[in-house]
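Student: Sequence:
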Amino acid sequence: MKDQIIKAGVIGWPIDHSLSPRLHGYWLNRFNIKGSYEAIGVDEDSLQLFLEKLPINGYSGLNVTIPHKESVMQHLHSISSQARRIGAVNTIIVNNKGQLAGSNTDGFGFIENLKQGNSEFNATKGPAVVLGAGGAARAIVVALIDKGAPSIKLINRTRARAEELALDIGGPIQVLDWQDRNDILEDASLLVNTTTLGMNGKPPLDISLDGLAAEALVTDIVYAPLETALLKSARARGNGAVDGIGMLLHQARPGFAAWFGVEPEVTDDLRNYVLAGIGG
Numbered sequence: 104m105k106d107q108i109i110k111a112g113v114i115g116w117p118i119d120h121s122l123s124p125r126l127h128g129y130w131l132n133r134f135n136i137k138g139s140y141e142a143i144g145v146d147e148d149s150l151q152l153f154l155e156k157l158p159i160n161g162y163s164g165l166n167v168t169i170p171h172k173e174s175v176m177q178h179l180h181s182i183s184s185q186a187r188r189i190g191a192v193n194t195i196i197v198n199n200k201g202q203l204a205g206s207n208t209d210g211f212g213f214i215e216n217l218k219q220g221n222s223e224f225n226a227t228k229g230p231a232v233v234l235g236a237g238g239a240a241r242a243i244v245v246a247l248i249d250k251g252a253p254s255i256k257l258i259n260r261t262r263a264r265a266e267e268l269a270l271d272i273g274g275p276i277q278v279l280d281w282q283d284r285n286d287i288l289e290d291a292s293l294l295v296n297t298t299t300l301g302m303n304g305k306p307p308l309d310i311s312l313d314g315l316a317a318e319a320l321v322t323d324i325v326y327a328p329l330e331t332a333l334l335k336s337a338r339a340r341g342n343g344a345v346d347g348i349g350m351l352l353h354q355a356r357p358g359f360a361a362w363f364g365v366e367p368e369v370t371d372d373l374r375n376y377v378l379a380g381i382g383g
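Using the numbering used here, the first residue of the sequence shown is number 104, and each one after it goes up by one.
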């Protein structure tokens, strides 16, 4: 057993775009671990059988990406409370009884990225403005509430989706109209873009930062391009700005540690290595 290769991977459909094998492969090489991490294409019809065979096939666990983050939950033996609140699982650990435990590390990755990118980050400083109401927004809102954010102003192009998020999660969430996005920044200590606006091939994010306090922090979970127009605007007016690649890197840490028994770090060398794989 000691000589067995430790197996992990990421499942999704399609899966060719995933940067996770590059990321985990870097750590496996860095720590000289006898292990493998592969991208596995699994469609919805094959999901249940694939998960049932996971322990038999020798996997220590998986990452889960689109479109399985929600549907995978019905096939797991246990789910963390945070993942239940978010309504999605992105990490599976196979325990020593062959049972599958699901968690969601996206919020952890978001917070750790902010802490690494801006040492003064503190969620309790003031209100956060979150743009978007998709899966990433759900994880980020839960993480900010858990870290003590006094209030969250949630804005989405489709208001009903933001209201659904607020109802599901609860807590100090105020839903506002998309057209008011420029007018509600005055007391914000944090501005987060979780939408695809500003991503390569997508429409730009149309927002003015004129009302944002100079000490507020701005972050964009988009990482292609790494320096979005939002981050450029923030830096130009003196705001702290944190790019989105670190969220991807940090969210991978808990799974890697559980599967391979080593606590990895997010370094500049890792960032550059993973970024080199974008579009490559």
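A few of these clues could be false.
To be verified - Lysine-lysine pairs mimicking BS3-like chemistry, simulated, CA-CA at most 25 Å apart:
no.	residue 1	residue 2
1	K110	K156
2	K305	K335
3	K218	K250
4	K250	K228
5	K137	K228
6	K218	K228
7	K228	K305
8	K335	K218
9	K156	K200
10	K200	K218
11	K137	K156
12	K200	K110
Hints were generated in silico from the structure; no laboratory data involved.
Student: If a hint holds in the structure, say so; if it does not, say that too.
Tutor: Hint check:
Restraint check for K110 and K156: satisfied, since their Cα atoms lie roughly 13 Å apart, inside the 25 Å limit. Between K305 and K335 the CA atoms are separated by roughly 17 Å; this keeps the pair inside 25 Å, and the hint holds. Pair hint K218 plus K250 holds up; C-alpha atoms about 12 Å apart against a cutoff of 25 Å. Between the alpha carbons of K250 and K228 the distance comes to roughly 11 Å, so the proposed pair stays at or under 25 Å and holds.
At roughly 44 Å between alpha-carbon atoms, K137 and K228 are farther apart than 25 Å, so this suggested pair is violated. Under the criterion of a C-alpha separation no larger than 25 Å, the hint pairing K218 with K228 is consistent with the structure, at around 14 Å. Taken as a hint, the K228 and K305 pair is broken in the structure, with Cα atoms around 32 Å apart against an allowance of 25 Å. Restraint check: the Cα-Cα separation between K335 and K218 comes to about 20 Å, which is no more than 25 Å; the hinted pair holds.
The suggested pairing of K156 with K200 holds, with an alpha-carbon distance near 13 Å, which does not exceed 25 Å. At most 25 Å may separate the alpha-carbon atoms for a hinted pair to count; K200 and K218 exceed this at roughly 36 Å. With a C-alpha separation of about 22 Å, the suggested pairing of K137 with K156 holds against the 25 Å cut-off. Annotation: proposed proximity of K200 to K110 holds, straight-line Cα distance about 17 Å (limit 25 Å).
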